[in-house]
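Visitor: All chains should be modelled from the sequences, with the hints used to inform the complete structure.
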Amino acid sequence: MMQTVGPHLTEEQFSECALSAPVGAAKAHLESCVPCREELQLFEAAMSDFGRATAAWSQSMPMASLRPLLKQRERRNTVRVAWAFAMALVVAVGLPFATQHRAGASHEAQVAAMTQQDSAAQIAQDNKLMQQVYVALTPDDSSSVRAYGVETSVTRSRTRTGLKNQ
Amino acid sequence: MAASVSLDMQAILNPSIIPVSESHVYSGSQAAVISELDDIDALVAAYWAKVLRFVSFSVNDADLAQTITQDCFLKAFNARASFRGESSVSTWLLSIANNLIRDHMRRKKIQFWRKAAQTSLDVTEMASYLPSEETSIERQLIQKERTEAVRAAMDGLSVNQRRVFLMRFFEGMDISEISEQLGMPVNTVKTHLHRATQAIRGRLGSTQ
Chain A
1 MMQTVGPHLT EEQFSECALS APVGAAKAHL ESCVPCREEL QLFEAAMSDF
51 GRATAAWSQS MPMASLRPLL KQRERRNTVR VAWAFAMALV VAVGLPFATQ
101 HRAGASHEAQ VAAMTQQDSA AQIAQDNKLM QQVYVALTPD DSSSVRAYGV
151 ETSVTRSRTR TGLKNQ
Chain B
1 MAASVSLDMQ AILNPSIIPV SESHVYSGSQ AAVISELDDI DALVAAYWAK
51 VLRFVSFSVN DADLAQTITQ DCFLKAFNAR ASFRGESSVS TWLLSIANNL
101 IRDHMRRKKI QFWRKAAQTS LDVTEMASYL PSEETSIERQ LIQKERTEAV
151 RAAMDGLSVN QRRVFLMRFF EGMDISEISE QLGMPVNTVK THLHRATQAI
201 RGRLGSTQ
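Protein sequence lines, in the order shown, are assigned to chains A and B. Under this note's numbering, the first residue of the first sequence carries the number 1, and numbering increases by one thereafter. Under this note's numbering, the first residue of the second sequence carries the number 1, and numbering increases by one thereafter.
Since the hints were derived computationally from the structure, they do not count as laboratory data. This one's a predicted model, so the numbers in the text were calculated from it and none came from an experiment. Ideal placement from N, C-alpha and C gives every residue a C-beta, glycine not left out. A few of these clues could be false.
[As the list claims (entries may be wrong)] If you only want the chain A side, here are some residues facing chain B, beta carbon under 7 angstroms, derived:
(1) E11
(2) S15
(3) M47
(4) A56
(5) S58
(6) Q59
(7) M61
(8) A64
(9) L66
(10) V133
(11) Y134
(12) A136
(13) L137
[To be verified] Each computed SDA-like pair below joins lysine to any residue, with the alpha-carbon atoms no more than 20 angstroms apart:
(14) K75/B to E11/A
(15) K75/B to K27/A
(16) K75/B to M130/A
(17) K144/B to G205/B
(18) K190/B to E74/A
Guide: As structure tokens, then:
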């Protein structure tokens, strides 16, 4: 319960009375104190005037026509959806392509790295292997070579291999 | 006596110019409310003035208030399906407006104050809207002076203090409703109201 301090209402009591109907000590005080009652009435009258003035003012303000704006926004949204769809399509098509391309590139890089890692001994071994493959696949036609008196290590080895096989 | 004055004031501060359709909304069925929300022109016609007044005096900027009010109606119309009818359409619109004001304050705090100072509402113009019928010139002058005093006192309040004050005095919302809608503790709402009341009281005292 609020207590009246001094000869008049406290600020807090005045606020309480302005916000809702006075009760208890404040109500009793207002019934007997003319200055406090007049001050409260002045406050209420001012609020009333302000309320009416602002209400009349806001009523006089032109209302916005929102229907065209709404249509404009709807159109904008449609465009946005279209753009989103187009972007999704680009991503759907482009992403697998880009991924594939990147995979190819990484494969090439892997091969290059492997090539760099080959030592001279490995290269020599590979060359030897390739030579053997070549010899195995090439038809046995060394006569012309012999005719010219040229016998390479390859033809010699082939001849020997051929003899062994026979 | 003071008690009766307070009750009268509440009646005056919820002006009779509140659109007719609103009473229909309060007492009407859910279906009636939803059909009202489906027509944006009807929605604007019924609530534009109410929302504009609240926003204008909250942000203290005529141009910004127009933009926020417009956005409020567009947002409400687009989200009409989510309106469950737990509150009145008016309260629902004010909560949307409050969210927009809060968002704007967060987004453009500095620009907000600078702009507010540039296009703030015209006090003299405001007072001229007071109905002048059946009142003497002297009384009109007193009313104008009081209106300007309240307006000047509101200028010194923060946006939150103004919002709380407007919701309590012009929208007739109680403290718990304001607290819920603004997401503020009840004590903060009471403090804001107390400060607003004191500011107006002080300003009125200086005019006497």
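Visitor: What hints, given by number in increasing order, does this structure fail?
Guide: Of the numbered hints given earlier, those the structure breaks are 10, 11, 12, 13, 14, 15, 16 and 18, listed in rising order.
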